[in-house]
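Asks: For reference, the chains in residue letters:
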Amino acid sequence: MAQTISLPAPGPAKRRAGRGRAGGRHRAGYAFVSIYLVLLVLFGVVPTVYALYLAFTKENKPWHWAGLSNFLNTGHDFRFVPAFEHIAIYLAIWLGALVVLVLFLALLLHGGVRRLVPAFRFLFYLPGALAGSAAVIVWAFMFDPELSPWHFALSSIFHFSAFPQVIAPGHLPLIFAIIAFWTGAGGWIVVMNGALNNISDELIDSAKIDGANALQLALRVKLPLIKRWVVYMLILAFAAGTQLIVEPTLVASASLGMVSPFWSPNQLAYYLATYNGNFNYAAAISVDLLFVGLMAAALLVFRSKMFELE
Amino acid sequence: MSQVVGKPVARPRAAQAPAPRARGFGPPPRRLPDRRVLTRLVWFVVMLAFTAFFVVPVIWLLIAPTKTDHQLVFEGPFTFGSFRTFLHTWDALYSFQAHEILKWLENSAWYSVVGVALALLCAVPAGYGLALTEFAGRRVLLSITLLVMIMPASALVLPLFLELNVVHLENSGWSVALPFGFFPFGVYLAYIFFSSTIPKELLAAARVDGAGEWGVFLRIALPLARPVVALVGFFAFVSDWTNFFLPYVMFYSDRRYPLPVGLEYLVSQTSAFNPVVGANSPVLRPELAMAALVAIAPVFIVFLFAQRALVTGMLAGATKE
Chain A
73 MAQTISLPAP
83 GPAKRRAGRG
93 RAGGRHRAGY
103 AFVSIYLVLL
113 VLFGVVPTVY
123 ALYLAFTKEN
133 KPWHWAGLSN
143 FLNTGHDFRF
153 VPAFEHIAIY
163 LAIWLGALVV
173 LVLFLALLLH
183 GGVRRLVPAF
193 RFLFYLPGAL
203 AGSAAVIVWA
213 FMFDPELSPW
223 HFALSSIFHF
233 SAFPQVIAPG
243 HLPLIFAIIA
253 FWTGAGGWIV
263 VMNGALNNIS
273 DELIDSAKID
283 GANALQLALR
293 VKLPLIKRWV
303 VYMLILAFAA
313 GTQLIVEPTL
323 VASASLGMVS
333 PFWSPNQLAY
343 YLATYNGNFN
353 YAAAISVDLL
363 FVGLMAAALL
373 VFRSKMFELE
Chain B
484 MSQVVGKPVA
494 RPRAAQAPAP
504 RARGFGPPPR
514 RLPDRRVLTR
524 LVWFVVMLAF
534 TAFFVVPVIW
544 LLIAPTKTDH
554 QLVFEGPFTF
564 GSFRTFLHTW
574 DALYSFQAHE
584 ILKWLENSAW
594 YSVVGVALAL
604 LCAVPAGYGL
614 ALTEFAGRRV
624 LLSITLLVMI
634 MPASALVLPL
644 FLELNVVHLE
654 NSGWSVALPF
664 GFFPFGVYLA
674 YIFFSSTIPK
684 ELLAAARVDG
694 AGEWGVFLRI
704 ALPLARPVVA
714 LVGFFAFVSD
724 WTNFFLPYVM
734 FYSDRRYPLP
744 VGLEYLVSQT
754 SAFNPVVGAN
764 SPVLRPELAM
774 AALVAIAPVF
784 IVFLFAQRAL
794 VTGMLAGATK
804 E
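Chains as they are written, first to last, in our numbering: chain A, 73 to 382; chain B, 484 to 804.
Where hints are given, some of them may not hold.
Computed spacing ranges between beta-carbons, pair by pair [as the list claims (entries may be wrong)]:
1. R738(B) with G168(A): 40 to 46 Å
2. P134(A) with F783(B): 45 to 51 Å
3. R791(B) with P134(A): 33 to 39 Å
4. I281(A) with R791(B): 32 to 38 Å
Simulated from the structure, these hints should not be mistaken for laboratory data. Yeah, the Cβ is synthetic: ideal placement off N, Cα and C, and Gly gets one too.
Start from the sequences, fold in the hints, and give me the full structure.
Replies: Structural data, given as structure tokens:
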């Protein structure tokens with residue numbers, strides 16, 4: 073607003089000098105992005121800045137600089153380190169499974185019977201429709217030895233007789249990784265399949281003429297060509313994985329207090345904000361997590377050349 | 484199965500071609516196609532095994548509400564109960580806290596509809612502005628959009644809660660519906676669409692003919708943008724409908740919950756998993772499965788009928804090679 077009021081004189085003169093259309097287009101550009109800009113500020117920038125403000129000020133004392141004390145205090149909370157440990161184990165399993173199995177299945181699809189590919193791809197992708205709490209409920213049933221279709225495996229191979237045994241704390245990272253794989257892997261298989269389809273037929277044919285068998289073709293020709301998509305997948309899955317919330321929340325509800333309600337960092341932050349009413353501590357953990365997510369995103373946007381900004 | 488059976492038709496041709504080369508050494512030519520059939524069989528079996536992993540839970544969930552809790556435990560996992568039991572299961576779920584399930588369905592619908600409408604209203608013009616107009620700060624805005632798009636949306640949930648607490652909007656439907664409208668992925672999809680499908684010359688020609696900037700957008704770009712409107716709408720809808728964390732944090736009254744949070748509430752309030760809690764509650768495991776079905780039904784149906792849109796959207800990054 074300030075600019076338009078303070079610059080009335082040179083404006084019309086310049087516009088008359090032939091820059092009128094471009095100036096109009098500039099203003100039109102702002103008009104097109106205006107609604108988005110408002111939402112970006114209200115629901116992206118302001119919450120981030122406010123969380124930063126809370127994280128660096130003292131509880132109930134507006135504008136009292138707290139230094140790093142909120143970060144240190146939450147860091148020393150007895151629940152903080154375990155929460156991040158849980159996430160780390162979960163991420164190790166989930167990312168490992170994602171790389172190995174998604175690539176395995178995508179390469180298998182790409183080298184297999186062409187007519188069947190769309191059908192399999194769709195069936196792998198279907199559980200994505202259940203993402204969120206529905207998936208957790210479904211898998212709570214799948215892991216209940218009483219009624220699971222995999223009852224035999226659960227009871228005879230792993231010797232589980234009841235649901236609480238299955239969701240023992242040590243098993244949770246694996247269970248959450250299985251749920252995440254079930255809902256998320258199909259989407260990544262679609263993406264990898266698309267990347268593989270972009271490889272030119274001539275390249276594959278010439279490799280075949282040179283005598284490459286299917287395995288060599290997959291590992292030495294196709295895999296190196298989709299490497300950057302693997303990096304892309306890993307960074308996105310990592311960023312999303314640090315935010316784990318639905319699975320531990322639902323399992324905590326289903327386990328009647330057996331599973332801690334602050335299993336993941338997001339749960340701990342939520343707990344600190346709502347039950348303890350300490351918004352500054354909650355903000356500190358949110359800022360930790362926001363930082364991790366933002367770093368992962370920055371790595372991808374500015375370092376990976378996945379996105380051209382033009 | 485038909486593919487495996489149908490294969491031998493093609494086999495003789497494949498066997499004839501390499502025959503002259505193979506003569507004299509190595510395995511006799513007929514072995515080659517046999518091995519190929521074997522490879523194909525192994526391929527098929529591996530694919531079926533993974534399909535089972537992905538699809539069995541879905542099938543189980545579709546069948547579960549047709550059985551009673553007792554049948555779930557004592558009958559085979561894939562036996563169909565009866566349609567009457569299915570209706571009975573619905574009645575029991577419906578009676579939970581004065582048909583609260585309908586309230587959750589209604590909440591889900593209104594948060595998602597407002598969220599999707601707002602996301603479209605914001606993403607389509609913004610994508611157009613970023614792709615086809617010039618203004619200072621355009622590149623910065625594009626970079627920020629990418630950053631926020633890749634950063635998980637849940638990273639902003641608690642900061643949003645802290646912010647909306649200040650203006651006392653927590654526990655209001657708007658505290659969920661309005662942030663749903665902020666959908667950077669949609670802006671990026673629209674940006675990719677406009678920058679790759681609409682030539683700048685077309686717009687320049689329209690301007691020469693005297694059309695204003697809004698006229699160009701409304702009369703030329705927007706009619707061509709129908710596919711991307713559908714795509715953004717689809718992805719916004721799926722992400723809004725299945726969102727758990729934001730409404731979970733914002734609402735303290737269960738009458739405001741959308742379905743995903745309602746499911747969590749059902750788990751905690753009934754004896755489906757906890758025999759101790761709500762011993763006289765009507766909700767057991769079949770009812771819980773039914774609630775999960777209700778929660779996923781719209782997204783599931785959209786998935787079945789919009790496969791192509793899905794694949795296009797998932798590969799949106801790939802078009803920008």
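Asks: Taking the hints in turn, state whether each one holds.
Replies: Structure-based check of each hint:
Checked against the hint of 40 to 46 Å, the pair R738(B) and G168(A) passes, with Cβ atoms roughly 42 Å apart. The supplied range of 45 to 51 Å is met by P134(A) and F783(B), whose beta-carbon atoms lie about 48 Å from each other. Remark: the range hint 33 to 39 Å for R791(B) to P134(A) is contradicted by a beta-carbon distance near 53 Å. In this structure the hint that I281(A) and R791(B) lie 32 to 38 Å apart at CB holds, the actual value being about 34 Å.
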